[in-house]
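> Could you slot chains B and C onto chain A? The hints should help.
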Amino acid sequence: MTMRRFRLLLIATVALPASVAAAQTSPNSPPGAPAPGGGMAWSREVPKIASGPWKGKRLADGQPDVAGHWSNTISNHSNFTDPQGGAPGETPRTASLPREQRAPSRVSDPPDGQIPYLPAARAAQQDFARNFANPTKPQYVEPLARCAPAGVPKSLYWHGYEIRQYPGYVIFLFNSGTRIVRLDGKPHLPANIKLWNADSRGHWEGNTLVVDVSNNNGKALFGRTGDFASENVHIVERYIFDNDGKRYNYVARFEDPTVYARPWTATIPARRYTEADPPGQEWHYEALVANQPPGKPVIHERMERICVENNGPFGGGAVGVPLTEPIIDR
Amino acid sequence: MRLSRFGIIVAAAAVGSLAGIASAHHSFSAEFDSSKPIVVDGEITKVRLVNPHSWIYLDVKNKDGSVTNWGFEFATPSSLRDKGLGKEDVLPGTHIRIEGYRAKNGGPFGYSRLATLANGRVVQTGGAPDAPTAAKR
Amino acid sequence: MRLSPRHKRAGGALLAGLTASVLLGAAAPGQAPAAPAKASAARAASSQIPRLPNGKPDFSGIWETLSEADYDLEPHSGRRDAPPSAGVVENGQIPYLPKALAQKQRNFAARAKDDPRLKCWTLGVPRSVYYPAPFQIFQRDRDLTLVHQFGHQVRTIHTNGTLHPKSVESNFWLGDSRGHWEGDTLVVDVTDLYDETWLDRAGNYHSEALHVVERWSFIDRNTISYTATLDDKQVFSRPWTIHVVLNRREKGFELIEDYCFTLPYDDYYPPKEGK
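Chains as they are written, first to last, in numbering that gives the first Met the number 0: chain A, 0 to 329; chain B, 0 to 136; chain C, 0 to 274.
For reference, chain A alone in the conformation it holds in the complex (with noise of 0.2 Å):
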């Protein structure tokens, strides 16, 4: 092996969270370290977890349990298609890193990892990304920042969450929205209903939680660069759980003839946050630590997060915002 080889082996098994490590050899610290100031440090893998038999906890209905807290690893949602690349108009320090050293596309179908627009829908997506960074026009806002929810698939990548389950339901607390996915088999909305959170009806397979979305508005985008789908979109789910309870693969399927030439696939992958965890993690996690009687363990709960006024504070800086009169008449 040459030095230029070995030197760059060695950077990508330096770089390697442990946790990957951990696939060749033993985990000896969990992923995640805790960075300055809160948060957890990003991942570039994306772990391989296969559909099959679920063979862990379950629910007193038979469901898997996978309650609890959890986050993606990779990154928030500034860039769909390059995640730790940055948002339009930033330089991250990971920008300037060969593109194989970041994580790789959420994307993951076509192999190039761009979603296959239709021509129109392109120009649409570049003309938004190129004015994210100024923007003077109120529709080059990103609809997050207004505190609008943050939909699908961007919920699953912004700040962490809390899954809670029930009989016949699933149900995602985000910071922004909430997603109940129902699992009676009824049908879908009216089909003119149109949601932030679309609507959601799934069920178990195995380890692997099947969605079928539809009534999306396609107004949520799917971050900072611009990346979309319509209000046609259907979108089929997998939440693939790990065996181990600690990890799941989102992996979707999103199909919108009037803005892609094809279907395409993302996947996303995330881990859940425990007591076990180091403190300082909790950022991404958004779970803190309950006020116990004495004595009692330590458990973790989910603040409030209400983002709910449209003029501020979250994105009170932002053209077009704020408003103060009032919206509705009813």
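Please keep in mind that the hints were generated in silico from the structure rather than gathered at the bench. This one's a predicted model, so the numbers in the text were calculated from it and none came from an experiment. Heads up, some of the hints might be wrong.
Stated by the list, open to error - Derived PhoX-like pairs (lysine-lysine); straight-line CA-CA distance at most 20 Å: (1) K136/A to K271/C; (2) K193/A to K271/C; (3) K86/B to K98/C; (4) K86/B to K45/B; (5) K185/A to K56/A; (6) K165/C to K295/A; (7) K232/C to K103/C; (8) K185/A to K250/C; (9) K45/B to K60/B; (10) K245/A to K54/A; (11) K98/C to K232/C; (12) K245/A to K47/A.
For chains B and C alone, coordinates are given in the frame of chain A:
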């Protein structure tokens, strides 16, 4: 590609520290204008120390004697605490001086880089990774 | 879950008493209380309420009030923006401190503009419970999750013995809710409320010192009696209590997300080329 030993360490550190802060929620440049620095001082009227951005509002006297209520964006409550600023330091009715950058929407909003509290203590408050640092004043 | 005969008897006697007090509590203010139910009828009613496997009443489902409480908690005749109502406040009027009453009157005068519901802001507690829009309760041993259709706001009532946080950096729109069971009644203590919510459309309001104690219990399997006692030393001269009845929505009803605060900018998205 020739890399010195130092180069290896630097590259590894860069990738290894993809900290939550560095690729965090904020996009300073989409909302605030680094070419428009501003300094205001006045009496605090409202404080919201919330994730992901805290906000402090203050009544600022204009030259003509009128008063404008300004809102300034701060970092998360936990990182503010790390920098030495808690809710007890910014009580409504007390004085504060804020140096920061104006909002792109042209309204009475800004991003706080430096806050001088009523007791004279100065706190560096900015948290956005793409915001100018103090060195670039 | 099948109860042993001993548990049934003990539970039944307790429930008879509770059911009677619930029926009394649910009577409209100013009217004579309803006659206490017979013990056997109460036992029958209690065994018909839904229960979790752990035996606790299960409030899961979608609920909505038929009452006029949100228009104005206090007794009032019909006006342009509210139907008439005998009110839901025990003893009729809200006991404001003098300065606070002046603020309430200013709120009332400006309500067509200033009611935060008009901006689709979170409704707070207790208004979110009697606002005329459905909310869904999801219940498990450790907590109840209330998802409100209006604004899709979410409140968690912790029933796992945890306490209010020792301190909070900023108060919460829906407060911090910790509940415990007294027989078949869920008693919830709500603190740390943010002061930018109103109590109704008539401008009744509160400060960050507001403290609410809620009592949730079944009248029958499709009806909940909800009472809330509010105390706020900055606004009211003494605690006061409201009663409303919540009805289960019809079979097959589903919540539909209503984030009305996005309406002013909905049309800007998704991106359209060149616009």
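> Would you mind marking each hint as holding or not holding in the structure?
Going down the list of hints, with the structure as the test:
no.	hint	result
1	K136/A to K271/C	13 Å, holds
2	K193/A to K271/C	18 Å, holds
3	K86/B to K98/C	27 Å, violated
4	K86/B to K45/B	11 Å, holds
5	K185/A to K56/A	27 Å, violated
6	K165/C to K295/A	16 Å, holds
7	K232/C to K103/C	15 Å, holds
8	K185/A to K250/C	12 Å, holds
9	K45/B to K60/B	16 Å, holds
10	K245/A to K54/A	13 Å, holds
11	K98/C to K232/C	12 Å, holds
12	K245/A to K47/A	13 Å, holds
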